[in-house]
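Read top to bottom, the protein sequences are chains A and B.
Counting from 1, one number per residue, gives the positions in the first sequence under this note's numbering.
Counting from 1, one number per residue, gives the positions in the second sequence under this note's numbering.
Hints were generated in silico from the structure; no laboratory data involved.
Every residue gets a Cβ at the ideal spot worked out from N, C-alpha and C, and that includes glycine.
Any given hint might turn out to be false.
[Said to hold, decoys possible] With a straight-line cut-off of 30 Å between C-alpha atoms, the simulated DSSO-like cross-links for lysine-lysine are:
no.	chain 1	residue 1	chain 2	residue 2
1	A	K5	B	K70
2	B	K70	A	K42
3	A	K68	B	K9
[To be verified] Pulled from the structure, derived: some chain B residues nowhere near chain A, Cβ distances all over 12 Å:
no.	residue
4	Q6
5	K9
6	F12
7	S22
8	E62
9	G63
10	T94
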Amino acid sequence: QQQVKQSPQSLIVQKGGISIINCAYENTAFDYFPWYQQFPGKGPALLIAIRPDVSEKKEGRFTISFNKSAKQFSLHIMDSQPGDSATYFCAASRDTGNQFYFGTGTSLTVIP
Amino acid sequence: DGGITQSPKYLFRKEGQNVTLSCEQNLNHDAMYWYRQDPGQGLRLIYYSQIVNDFQKGDIAEGYSVSREKKESFPLTVTSAQKNPTAFYLCASTDMAWGGTEAFFGQGTRLTVV
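One chain only, chain A, in its complex shape (with noise of 0.2 Å):
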């Protein structure tokens, strides 16, 4: 059972534009919700991430909008640019836990 969803699987946007990634996970035990950037051939790297105690966590242009409820997050790229090109990876864990949980991934294209 996929424990974070994540939608859409692949996004392309024209620079200067908003990207966004959405995702969704069932167990409200989950306290850290991390994004990952993956360049190909590279491992992913660590983007931003928040805990469910804020709604909203921004740095630079990214910023992830979380709603504790709905039980969903997503990332947001403002004035996408080119080099944002990438795949996107959202997930879960507990403080107390022991592995995260990774979405499926989004690949990110940005066009000049």
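With chain A's structure known, arrange chain B on it following the hints.
Using the frame of chain A, we list chain B on its own:
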């Protein structure tokens, strides 16, 4: 520079062979993980280890084996029992032996069966 080193970057395996993927970290992290990545399936956990000389099966452990004799090292062996081993393999580590912290990933090993 601190980080995770995976080797080799590319690996080719013949049918019936066992192969071992190397993962070394100099971050002094307690926990280490092995993930398998296939297109459209995200990252699936193979094995993880929270302390030396102890490891646990993940969701897709069949056909794989690991060891954790040193804190810095967590090699993964893909055995001949793994029916479809062609994939991109990622090693990761976390500072604490639980999930609420950043995971650092290696650059991956792409394994191909020939």
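Cross-check of the supplied hints:
no.: 1; hint: A/K5 x B/K70; verdict: 35 Å, violated
no.: 2; hint: B/K70 x A/K42; verdict: 25 Å, holds
no.: 3; hint: A/K68 x B/K9; verdict: 40 Å, violated
no.: 4; hint: Q6; verdict: 8 Å, violated
no.: 5; hint: K9; verdict: 8 Å, violated
no.: 6; hint: F12; verdict: 16 Å, holds
no.: 7; hint: S22; verdict: 14 Å, holds
no.: 8; hint: E62; verdict: 17 Å, holds
no.: 9; hint: G63; verdict: 19 Å, holds
no.: 10; hint: T94; verdict: 9 Å, violated
When the structure is compared with the earlier hints, violations turn up for hints 1, 3, 4, 5, 10 and for no others.
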